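Asker: Protein chains in written order, with our numbering: chain A, 1 to 181; chain B, 182 to 636.
Bear in mind the hints are in silico, worked out from the structure with no lab data behind them.
Short, incomplete list of chain B residues facing chain A, as computed with Cβ under 10 Å:
hint, residue
1, SER365
2, LYS367
3, SER381
4, THR385
5, ALA386
6, ILE472
7, ASN510
Keep in mind it's a predicted model, so treat the numbers as computed, not measured.
Cβ atoms here follow ideal geometry from the backbone N, Cα and C, with glycine treated the same way.
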Amino acid sequence: MISMHKLAPLSLVLLASASGSALATQYLTAEQAQQTIFPEANSFKPLPLQLNAEQMKQVEKLSGLPARSVAWRTVAAYKDDKLLGYVVLDDVVGKFELISYAVGLQADATVRQIEILAYRESHGFEIRNANWRKQFVGKTASAGMVVGDGIANISGATLSCTHVTDGVRRIAAVAQVALKK
Amino acid sequence: MQNKRISKAICAALISAAFAAPAHAGEAELMQKIEKLAAELEAIKAELAATRKKTEVVEQKQDAISTAVAATTAANSAAISATNAKVDDAIAASDNARKVAAAVTSQTTLSSYGEINYTRPRDNSSQAQTDVARAVIAITHRFDDKTKMVSEFEWEHAVTSQSDQGESEVEQLYVEHELRPGLSAKAGLFLIPMGLLNTSHEPTAYYGVYRNFVETAIIPSTWREAGFALSGSLDNGFSWDAGLTTGFNLSKWDAASDEGRESPLGAIHQEGQLAKSRDLSFHLAANYRGIPGLLVGGAVFSGKAGQGTPDFLADQARVTIWDLHARYNPGKLDLSALYTRGTISNTGALNVTFAGLPNPVPSLFAGWYVQGAYKVWNDSTYSLTPFIRYEQYNTAKAYAAMPQGLAVPATPDEKVTTVGASFRIGEGVVLKADYQKFQQDSSRDRYNLGVGYSF
Chain A
1 MISMHKLAPL SLVLLASASG SALATQYLTA EQAQQTIFPE ANSFKPLPLQ
51 LNAEQMKQVE KLSGLPARSV AWRTVAAYKD DKLLGYVVLD DVVGKFELIS
101 YAVGLQADAT VRQIEILAYR ESHGFEIRNA NWRKQFVGKT ASAGMVVGDG
151 IANISGATLS CTHVTDGVRR IAAVAQVALK K
Chain B
182 MQNKRISKAI CAALISAAFA APAHAGEAEL MQKIEKLAAE LEAIKAELAA
232 TRKKTEVVEQ KQDAISTAVA ATTAANSAAI SATNAKVDDA IAASDNARKV
282 AAAVTSQTTL SSYGEINYTR PRDNSSQAQT DVARAVIAIT HRFDDKTKMV
332 SEFEWEHAVT SQSDQGESEV EQLYVEHELR PGLSAKAGLF LIPMGLLNTS
382 HEPTAYYGVY RNFVETAIIP STWREAGFAL SGSLDNGFSW DAGLTTGFNL
432 SKWDAASDEG RESPLGAIHQ EGQLAKSRDL SFHLAANYRG IPGLLVGGAV
482 FSGKAGQGTP DFLADQARVT IWDLHARYNP GKLDLSALYT RGTISNTGAL
532 NVTFAGLPNP VPSLFAGWYV QGAYKVWNDS TYSLTPFIRY EQYNTAKAYA
582 AMPQGLAVPA TPDEKVTTVG ASFRIGEGVV LKADYQKFQQ DSSRDRYNLG
632 VGYSF
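The whole structure should be built from the sequences, with the hints applied where relevant.
Answerer: Written out as C-alpha cells, the structure is:
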C-alpha cells in the first residue's frame, strides 16, 4: 500500500499524459470513441475543463457524489462551426481494476452515448453490452441514473455497474454545471 | 504525504520544462524562460503553503478529504492552471482519484470477506450458537496487462487444529491470461461456474444468513476444481466457459456417515487436496446478460469418479450435474430461480457392500428454488431489502436398483422457506436476519442473525 501511495503522483502524471488509453484490453481508443459517439462530427477540439469551488459544490449536489476532480478530460465535437456536444473521458475502479470509458453528451448536457474504452475485470464485461449502455441515453444527472433506479444491475458485476453508473452521473452533472449551453 | 507528492510532481514539471528548452535558444529567450519559471515557482510555493495548511485539516478530517482538497485546489486554481495541468491532478487526488491511480500502478490487490453468524433453533435454545463462519483473505496480482493471479485463502469456523472443528483452505489459486479481448484462459484451482452462488459467494452477494440449501447440498458450493478453462464473452451479452479439471473421488464415500446425506458431492469433492486425477471431468457453462437486469444461464459438469482405485466396485461410476438458472434484477426487484440435478451412475455393486448402513450412494439428487427480494427503502448509505425464498431439494432422490431386501428407501424432498431481510451499509457491509422453516423436520426451524462484509 505504501508503495502505491508513493507512486500516486507519477501515476497521475502518466494517466494525464497517456489519457488512460494504453491498456492492452482496450476496445476503443479515445479517438475512436469520439468518432463512434459523434459520427457526423468533422472536428474535435480539446476543451480543458477546470471546475471552481462553486461548480464542484453544484456537481456534488446534482450527482450526490464527491466531485472527485477539478480537471476533466473533455473534447468538444463540431460539424463545421456547429457545436454538436462533448465527450468526457474518465476512469473508475470496477472491483479491483480500472475501467476506462467515454461519456458523450449533447450540448444541452443530456447523455448521448456511453462507450467503454478498456475493461480488465474478470467479471462484468457485460457493461460493454449495447443494451446496458443504452439505458443512459437521454438522461441527465438529476434522474434515472442510479443502479436499481433507472439503470438495471448486472448479476455478478454489481460493483462495476455501480461505479460506472456513478461515474456517468458525475460527468453528466459536470456537464450540466460547466458545459451546458 | 501530499506535500511530497506535489513537490515531486513540481520537480518533474520543472525538469521537463528545462530540458524542453531548445539548445540554440538565445540568451534573452533563456532569461525570459527563467523569469517565467521563477514566476511559476512562486505560484507553486504559494499553492504549496496553502495545500500544507489544508493537509493538516485533511489529516484530522479524513472523511472530508475530497471536499477539502477540492476547495484548496479551487482556491489556487489560477496559479495551478498557469503552471501545469498535471500538478492540478496531483492536488485533486481525493480518495477516489488515489484509488484510480493505485489501480493503474498497483500490481497486487488485497481483498477480504467474512461472515459471523448466530443461529437459534426455534424449539431448542440450548442449541443456539455463534460462529465465525468464514474469514477470507484474497490476493490478486497482475503480472502484466494480460496476465494475473487470483487467490483466496479461507478459514472456516474460526479455529483450526487437530482438536478443533475449523478448516483452513485454499479456495482459489489460479493464473489467468487474456488471449484476446473477450477470450481468456486460466489454469490452477478455480470455481466451477455453475449456478448463481458458486462464483459469487461473498455474504454481500446473496440473501439469507446462510447460503441456500440447493446450492450447498446439491451444487457443492464453494465448489472448486484444479485444471484448465477457457472463458469467452461476446458483445451481445453471451458468455461461455469450458474446462477440463479434476473431479470427484467416489472411493471416499462413507455410507456410515451423514456427510453424504447432507451433500452427496460435498462428501466426495477433492478441493485440490492431493486430488486423485486419473479420471478428469469437463464442464461447460453458458450465460446471457444481453437484456439489462436479466441473467439466464446453465452449466453442466461430468466426469468419472472411480479414479482407478484398486478393487473399487464403482470404478465406472460417473458423476454428472447440471443446472439452469435465471435472475432478474431490473431495479428494486430482485428475482431468482434455479433448478439443478445430479446423478452418480454404476453404483449398484458398491451399494451392496454398504448394506445395512444408513447412507449408500444415491443415483439421483436434485433441487430447485425461487427467491424474491425487494428493496423497500434506501438512502445514499443504507438500504433495506426483505426477501423470501422457497426451496425444495433431495440429496437422495433415488438409489441404483438393489437386491430384494437390501434397498434403502429414497428420502422425501426437504422443503424450506426462508423469510428475512438484508440491511446494507454502503457497498461492503450487510446485516442479515431471517427465519427458516423446514417442512420435513420442523425441529430444524431456526432464527438466524448475521453480519458480513466484502471488499
